[in-house]
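Protein chains: 2
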Amino acid sequence: MTTDKSLIDSALRGWKSNVERADKLFVDLSPEQLEQEVAPGKNRLIYLWGHLAAANDALLPLLGIRERLHPEFDGMFISNPDKSVPLTVSGESLKAAWQEINQKLWEGFSSFSALDWADRHTAVSEEDFGREPHRNRFTVLLGRTTHLAYHLGQAILARPKA
Amino acid sequence: MTTDKSLIDSALRGWKSNVERADKLFVDLSPEQLEQEVAPGKNRLIYLWGHLAAANDALLPLLGIRERLHPEFDGMFISNPDKSVPLTVSGESLKAAWQEINQKLWEGFSSFSALDWADRHTAVSEEDFGREPHRNRFTVLLGRTTHLAYHLGQAILARPKA
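Chains as they are written, first to last, in the numbering used here: chain G, 1 to 162; chain F, 1 to 162.
Just so you know, the hints here were simulated from the structure itself, not pulled from any lab data.
One or more of the hints may lead you astray.
When chains are identical, the list treats them as one kind, so a pair holds in a single copy or across two.
Listed below are the simulated DSS-like cross-link pairs for lysine-lysine, each with C-alpha atoms no more than 30 Å apart in a straight line [said to hold, decoys possible]: (1) Lys-24 to Lys-83; (2) Lys-42 to Lys-24; (3) Lys-5 to Lys-42; (4) Lys-83 to Lys-5.
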């Protein structure tokens with residue numbers, strides 16, 4: 001394996017393992033469990049899960065993979081805080097969306113060469129990228145992986161006792 | 001910048017930005033604030049901070065930078081849960097240790113070439129590394145960055161109101 005392929009392999013493993021941790025945390029929860037707050041007065045599990053699904057969905061166009069699958073998630077899970085707008089998505093439908101989004105992302109990730117990863121993402125102009133070459137796909141991947149871990153650390157606090 | 005240098009640059013930026021977030025969260029807290037739990041019955045802020053300091057300290061030998069600065073942290077912050085052993089470290093001394101550990105790590109990180117990052121860390125044998133080439137320094141760096149983010153997501157829950 002070349003050095004750049006090896007570096008990318010590490011990052012993809014990190015992404016995958018955090019998505020799998022999220023799977024374990026969220027996908028088998030009952031509707032009642034998804035209503036739990038991670039701490040008193042803080043976000044509910046359903047909100048965190050939707051927030052992560054929306055963030056992942058937004059990666060599809062940002063990385064140039066495809067248009068969004070669920071732009072309607074943003075109003076419920078990104079631009080408004082938890083409990084401020086009614087959720088029109090159930091745990092079951094969120095699970096299906098979550099899995100489809102991550103599948104499409106993984107297909108896109110798997111198709112990128114090292115040069116693709118080091119190339120600009122779609123929200124930065126060619127001119128700005130010339131000045132700020134770190135605004136590339138790889139930086140986005142790593143940033144979204146830590147964003148995922150950040151909220152997993154919160155979600156685990158509300159994990160139902162075994 | 002070559003592709004591999006660009007990939008490493010992204011990862012180092014991610015590390016740095018998460019360490020800086022931890023700085024902002026922890027270093028100015030009073031002893032009383034450090035006693036706060038992130039959620040009822042969960043870890044205190046002082047424990048999370050010490051846990052992150054111990055984890056970072058353990059990176060020094062794992063990445064082949066130098067021997068540990070604070071091996072005594074493990075008993076208080078890694079191998080035992082919060083509130084099970086008395087802490088012999090104050091917020092002030094933890095702050096000094098945290099800063100020194102991160103400074104030494106950063107010096108080490110800055111000295112590594114792309115080949116160094118893709119090379120095995122010190123806890124894997126040459127033979128095992130032949131079979132599992134992802135057990136390299138770069139994987140460790142990314143994994144520790146997400147570990148840091150995971151606990152930052154918890155610590156923020158106890159952030160004192162402005």
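Right, here's what the structure says about each hint:
{"no.": "1", "hint": "Lys-24 to Lys-83", "in the structure": "both (24 Å within a copy, 28 Å between copies)"}
{"no.": "2", "hint": "Lys-42 to Lys-24", "in the structure": "both (21 Å within a copy, 21 Å between copies)"}
{"no.": "3", "hint": "Lys-5 to Lys-42", "in the structure": "neither (40 Å within a copy, 40 Å between copies)"}
{"no.": "4", "hint": "Lys-83 to Lys-5", "in the structure": "neither (43 Å within a copy, 44 Å between copies)"}
Going through the hint list in order, the structure does not satisfy hints 3, 4.
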